[in-house]
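Q: For reference, the chains in residue letters:
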Amino acid sequence: MPPTRRKPAAQSAHAQQTLAFGPNSNKVTKPSIPSTSKKVDKIKLEEAITSEFSTPSPAPEDSQEAEVQAQIPESPRTLAIRSQGGAKQADGSAVEEKAKKIPETQIRKYWKGKEDERIAPRVHQQGLSVNEKILRHFDLSSQYGPCIGIPRMKRWKRADGLGLKPPIEVLAVLMREEGRGNGTAERAFMDGLLTSRLAVNE
Amino acid sequence: MADQDVDALLQAPSNDEYPTIDRIPSSYNPLHSFDLAKGDQKHYQQQYGDMYFLRLAKLKPAVEEIAAEAWGEIETAGESIRRVDRVLDVRQGELCWVAGTIYMDMPLKPNILDDISKDHWISAPPPREKYISPSGQDQIMLEDESGRLRLIGTPLQISTVVTGCIMAVMGTENANGDFEIIDMKVPDLPRQPQRWERDEASAVLANGNGKSSKKEQKERREGSKVAIVSGLGISGDEGDTLTLDLLMEYLLGEACGQSTQQEIGNISRLIIAGNSISEGTPLYSRDELSDKKTSKKYGYDSAAYNPAPTQRLDDFLATLLPSIPITMLPGEGDPANISLPQQPIHPAMFPRSRNYSPMPGSTEPGWFDSVTNPWEGDIEGWRMMGNGGQPIDDVFKYVEGEERLNMMENLLRWRCGAPTAPDTLWCYPFQDKDQFVIEECPHVYFVGSQPTFETTVIEGPTGQTVRLIAVPKFKETGEMVLLDIDTLEVESVIFKVFNDS
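In the order they appear, the protein sequences are chains A and B. Residues in the first sequence are numbered from 1 upward in steps of one, following UniProt numbering. Residues in the second sequence are numbered from 1 upward in steps of one, following UniProt numbering.
Hints are supplied without guarantee of correctness; some may be wrong.
Each computed DSSO-like pair below joins lysine-lysine, with the alpha-carbon atoms no more than 27 Å apart [claimed, not checked]:
(1) B/Lys433 <-> A/Lys154
(2) B/Lys60 <-> A/Lys157
(3) A/Lys98 <-> A/Lys154
(4) B/Lys42 <-> A/Lys154
(5) A/Lys154 <-> A/Lys100
(6) A/Lys112 <-> A/Lys154
(7) B/Lys38 <-> B/Lys433
(8) B/Lys475 <-> A/Lys165
(9) B/Lys185 <-> B/Lys109
(10) A/Lys114 <-> A/Lys165
(11) B/Lys185 <-> B/Lys397
(12) A/Lys98 <-> A/Lys157
(13) A/Lys154 <-> B/Lys60
(14) A/Lys98 <-> B/Lys433
(15) A/Lys165 <-> A/Lys112
(16) A/Lys157 <-> B/Lys38
(17) A/Lys133 <-> A/Lys100
(18) B/Lys397 <-> B/Lys109
(19) B/Lys433 <-> B/Lys60
(20) B/Lys58 <-> B/Lys38
(21) A/Lys112 <-> A/Lys100
(22) B/Lys185 <-> B/Lys60
(23) B/Lys185 <-> A/Lys154
(24) B/Lys433 <-> A/Lys165
(25) B/Lys130 <-> B/Lys475
(26) B/Lys397 <-> B/Lys58
(27) B/Lys60 <-> A/Lys165
(28) A/Lys154 <-> A/Lys114
(29) B/Lys58 <-> A/Lys157
(30) A/Lys154 <-> B/Lys58
(31) A/Lys114 <-> A/Lys101
(32) B/Lys130 <-> B/Lys496
(33) B/Lys58 <-> A/Lys98
(34) A/Lys112 <-> A/Lys157
(35) B/Lys433 <-> B/Lys42
(36) B/Lys42 <-> A/Lys157
(37) A/Lys101 <-> A/Lys157
(38) A/Lys154 <-> A/Lys133
(39) B/Lys433 <-> A/Lys157
Hints were generated in silico from the structure; no laboratory data involved.
Please work from the sequences and hints to get the whole structure.
A: Below is the structure:
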């Protein structure tokens with residue numbers, strides 16, 4: 001292999017048109033699906049998604065009236081819409097909006113409920129803020145998976161995506177800490193202890 | 001068929017116009033379920049515990065539904081069977097059921113300590129064919145996030161279990177602390193999509209209405225076949241050229257007579273299911289490498305690299321590609337990453353076949369589709385799923401017996417594409433979704449690099465039918481499998497060189 005060449009510091013003026021290998025390439029061949037139809041799809045898709053959200057009644061029954069081919073039990077339309085990731089993303093930001101609106105009193109009430117479940121008070125937690133206590137309790141809830149090796153926000157969203165119903169107050173606390181710029185609350189405290197990347201040989 | 005072709009041989013040249021035989025076009029719509037992120041986006045900092053958690057979270061509801069249906073109503077000796085949430089909640093003497101992941105504790109499994117023993121002895125012990133210990137020291141346990149529970153009982157001897165499959169077990173805890181099983185349930189086959197379901201769904205999005213256009217329906221031809229071959233084992237030596245050339249001529253329609261060529265024209269696609277290259281260069285151990293004085297010029301050791309196998313494979317593919325579209329899965333011996341899911345073989349390995357690959361950056365599959373192992377996709381509307389053989393070969397080491405089709409059936413019924421994956425099978429540490437969980441039941445499940453050609457059809461609880469195909473190694477048996485698209489029947493074509501010995 002020839003030795004690699006360093007790129008010249010200053011790009012010379014575009015005297016020659018460069019070749020483009022990529023989605024922007026000016027291909028001579030026709031694309032199979034015309035790009036204009038994609039925009040139409042998006043608009044129609046958003047309409048379809050909002051209509052899906054507004055009607056809580058089961059979707060297959062709804063669309064079967066519009067169904068042309070009767071032999072397919074689930075209409076390709078609902079499947080197509082469901083398979084589009086757009087619906088999920090809309091869900092994600094909707095949940096974050098909801099979490100932003102949660103008042104401080106609800107978070108206190110949630111934490112008080114958790115503490116009342118126990119007979120004895122928690123030990124060794126005197127120096128921690130209530131937010132940190134809530135987050136640590138969330139870390140140790142093993143039904144949402146291991147807390148090590150994953151940021152807390154990502155773990156919450158993953159648990160939400162799997163349908164495990166993690167408490168929304170935890171997401172509210174996480175977003176508040178993020179808004180405050182608290183970098184240590186991003187990952188579990190145990191994560192920092194167990195995955196030390198620096199060699200402590202001295 | 002052959003009798004008509006006999007007249008075609010040894011004839012004087014004629015001025016007859018022979019009709020050109022066309023190949024049936026292939027309707028192809030692959031899924032990219034096993035594509036990993038590239039470069040910086042691929043992280044390895046996470047642990048494998050996440051994968052087990054994801055698998056359990058996905059499959060636990062399914063298996064609990066089946067178990068509740070089966071055991072919810074039973075009353076034995078006046079007590080009904082209780083469901084417990086966590087594995088450790090079982091109580092002694094009480095009949096209950098619980099769902100969790102199976103873990104098999106086998107002392108003969110590959111152990112990191114073997115590496116250390118290699119330093120003290122001359123060489124490592126040879127890899128075992130089966131991990132089952134003859135003295136019955138294996139323990140089967142049920143695990144979830146709370147802990148492990150040792151399982152004993154007769155159902156374990158009847159049905160096969162492997163590390164990593166999710167099950168619901170019913171029984172009671174005995175005095176030793178072991179859970180005696182009376183019955184077990186698996187998630188069984190998931191929902192099977194209808195034929196052409198995905199193509200119609202994408203047509204809906206493109207056209208915006210509920211009908212799939214008449215034009216597309218007309219394009220769906222009948223009578224096509226798919227050829228599946230595996231284990232070509234090209235090593236660059238002269239020894240393997242003859243059967244390979246026979247295969248090439250057969251697929252191109254150059255062999256046999258007119259009527260056979262008509263039939264070959266029905267083959268719309270070739271799937272190469274792994275192990276196209278046999279390991280040509282020896283893998284040196286650490287000690288041997290330090291002894292040798294390798295001259296590393298331009299970043300690689302030219303003496304150790306043998307370009308012949310990939311060149312030969314590239315020539316093979318480039319000869320076939322003008323005529324037939326090819327889907328190629330990497331296998332154990334191929335130049336792709338070792339851990340599952342193996343990413344597509346890089347187009348740089350095929351300078352000539354690369355011309356048929358899609359442009360980098362385009363989302364459409366090209367004529368030559370180099371895909372991941374395992375792979376999932378739609379061919380002619382049917383959902384096909386296949387791999388290069390590594391999951392099945394690993395499951396083989398855990399169970400007694402040689403029934404490969406049984407193992408394939410179990411893999412689908414456990415809804416787990418590679419159950420032994422983080423344990424004894426190297427894989428990528430998935431953190432968001434265990435890609436190996438089978439969410440939609442395929443119509444055809446093929447596994448490459450198996451010892452013999454076997455096939456069967458299995459059925460599911462809600463009417464699913466799956467055709468299982470174990471594709472043998474072409475280098476050893478010379479067999480290629482032909483799958484008829486309309487009926488999903490399978491036949492095999494054998495290529496052999498006449499040997500006078």
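Q: Now look at each hint and say whether the structure bears it out.
A: Hints, one by one, checked against the model:
Distance restraint check for lysine 433 of chain B and lysine 154 of chain A: the Cα-Cα separation of roughly 12 Å lies within the 27 Å cut-off, and the hinted pair is therefore satisfied. For the given pair, lysine 60 of chain B sits about 19 Å from lysine 157 of chain A by alpha-carbon distance, which is consistent with the 27 Å threshold. Between lysine 98 of chain A and lysine 154 of chain A the alpha-carbon distance is near 17 Å, which keeps this suggested pair within the 27 Å criterion. For the hint linking lysine 42 of chain B to lysine 154 of chain A, the alpha-carbon distance of about 16 Å falls within 27 Å, and the restraint holds.
Of the supplied pair hints, the one linking lysine 154 of chain A and lysine 100 of chain A holds, its CA atoms being roughly 17 Å apart against a limit of 27 Å. Proximity of lysine 112 of chain A to lysine 154 of chain A is assessed by CA-CA distance (about 25 Å); at most 27 Å being required, the pair is judged to hold. Simply put, lysine 38 of chain B and lysine 433 of chain B have alpha-carbon atoms about 17 Å apart, close enough for the 27 Å limit, and the pair holds. Between the alpha carbons of lysine 475 of chain B and lysine 165 of chain A the distance comes to roughly 53 Å, so the proposed pair goes past 27 Å and is violated.
In summary, the hint linking lysine 185 of chain B to lysine 109 of chain B is supported, as the alpha carbons are separated by about 26 Å, within the 27 Å threshold. At most 27 Å may separate the alpha-carbon atoms for a hinted pair to count; lysine 114 of chain A and lysine 165 of chain A meet this at roughly 16 Å. Under the criterion of a C-alpha separation no larger than 27 Å, the hint pairing lysine 185 of chain B with lysine 397 of chain B is consistent with the structure, at around 23 Å. Distance check on the hinted pair: lysine 98 of chain A and lysine 157 of chain A sit about 14 Å apart at the alpha-carbon level, within 27 Å; holds.
In summary, the hint linking lysine 154 of chain A to lysine 60 of chain B is supported, as the alpha carbons are separated by about 22 Å, within the 27 Å threshold. Restraint check for lysine 98 of chain A and lysine 433 of chain B: satisfied, since their Cα atoms lie roughly 25 Å apart, inside the 27 Å limit. Note on lysine 165 of chain A and lysine 112 of chain A: the hinted pairing holds, with a Cα-Cα distance of about 19 Å set against a maximum of 27 Å. As the CA atoms of lysine 157 of chain A and lysine 38 of chain B are separated by approximately 23 Å, the hinted pair is consistent with the 27 Å bound.
This hinted pair checks out: lysine 133 of chain A and lysine 100 of chain A have alpha carbons roughly 19 Å apart, not beyond 27 Å. Distance check on the hinted pair: lysine 397 of chain B and lysine 109 of chain B sit about 9 Å apart at the alpha-carbon level, within 27 Å; holds. With a C-alpha separation of about 14 Å, the suggested pairing of lysine 433 of chain B with lysine 60 of chain B holds against the 27 Å cut-off. Between the alpha carbons of lysine 58 of chain B and lysine 38 of chain B the distance comes to roughly 26 Å, so the proposed pair stays at or under 27 Å and holds.
Only pairs whose Cα atoms come within 27 Å are accepted, and lysine 112 of chain A paired with lysine 100 of chain A is accepted, the gap being roughly 20 Å. Among the hinted pairs, lysine 185 of chain B with lysine 60 of chain B is consistent with the structure: their alpha-carbon atoms are about 11 Å apart, no more than 27 Å. For the suggested pair lysine 185 of chain B and lysine 154 of chain A, the alpha carbons sit about 33 Å apart, so the restraint of at most 27 Å is broken. Of the supplied pair hints, the one linking lysine 433 of chain B and lysine 165 of chain A holds, its CA atoms being roughly 17 Å apart against a limit of 27 Å.
For the suggested pair lysine 130 of chain B and lysine 475 of chain B, the alpha carbons sit about 24 Å apart, so the restraint of at most 27 Å is met. For the proposed pair lysine 397 of chain B and lysine 58 of chain B, the alpha carbon gap of about 26 Å is at most 27 Å, so the pair holds. Taken as a hint, the lysine 60 of chain B and lysine 165 of chain A pair is honoured in the structure, with Cα atoms around 15 Å apart against an allowance of 27 Å. At most 27 Å may separate the alpha-carbon atoms for a hinted pair to count; lysine 154 of chain A and lysine 114 of chain A meet this at roughly 23 Å.
Restraint check for lysine 58 of chain B and lysine 157 of chain A: satisfied, since their Cα atoms lie roughly 15 Å apart, inside the 27 Å limit. For the hint pairing lysine 154 of chain A with lysine 58 of chain B, the CA-to-CA distance comes to about 17 Å; that is within 27 Å, so the pair holds. At most 27 Å may separate the alpha-carbon atoms for a hinted pair to count; lysine 114 of chain A and lysine 101 of chain A meet this at roughly 21 Å. Proximity of lysine 130 of chain B to lysine 496 of chain B is assessed by CA-CA distance (about 32 Å); at most 27 Å being required, the pair is judged violated.
For the suggested pair lysine 58 of chain B and lysine 98 of chain A, the alpha carbons sit about 26 Å apart, so the restraint of at most 27 Å is met. The suggested pairing of lysine 112 of chain A with lysine 157 of chain A holds, with an alpha-carbon distance near 24 Å, which does not exceed 27 Å. At most 27 Å may separate the alpha-carbon atoms for a hinted pair to count; lysine 433 of chain B and lysine 42 of chain B meet this at roughly 14 Å. At roughly 19 Å between alpha-carbon atoms, lysine 42 of chain B and lysine 157 of chain A fall within 27 Å of each other, so this suggested pair holds.
This hinted pair checks out: lysine 101 of chain A and lysine 157 of chain A have alpha carbons roughly 18 Å apart, not beyond 27 Å. For the hint linking lysine 154 of chain A to lysine 133 of chain A, the alpha-carbon distance of about 19 Å falls within 27 Å, and the restraint holds. Distance check on the hinted pair: lysine 433 of chain B and lysine 157 of chain A sit about 12 Å apart at the alpha-carbon level, within 27 Å; holds.
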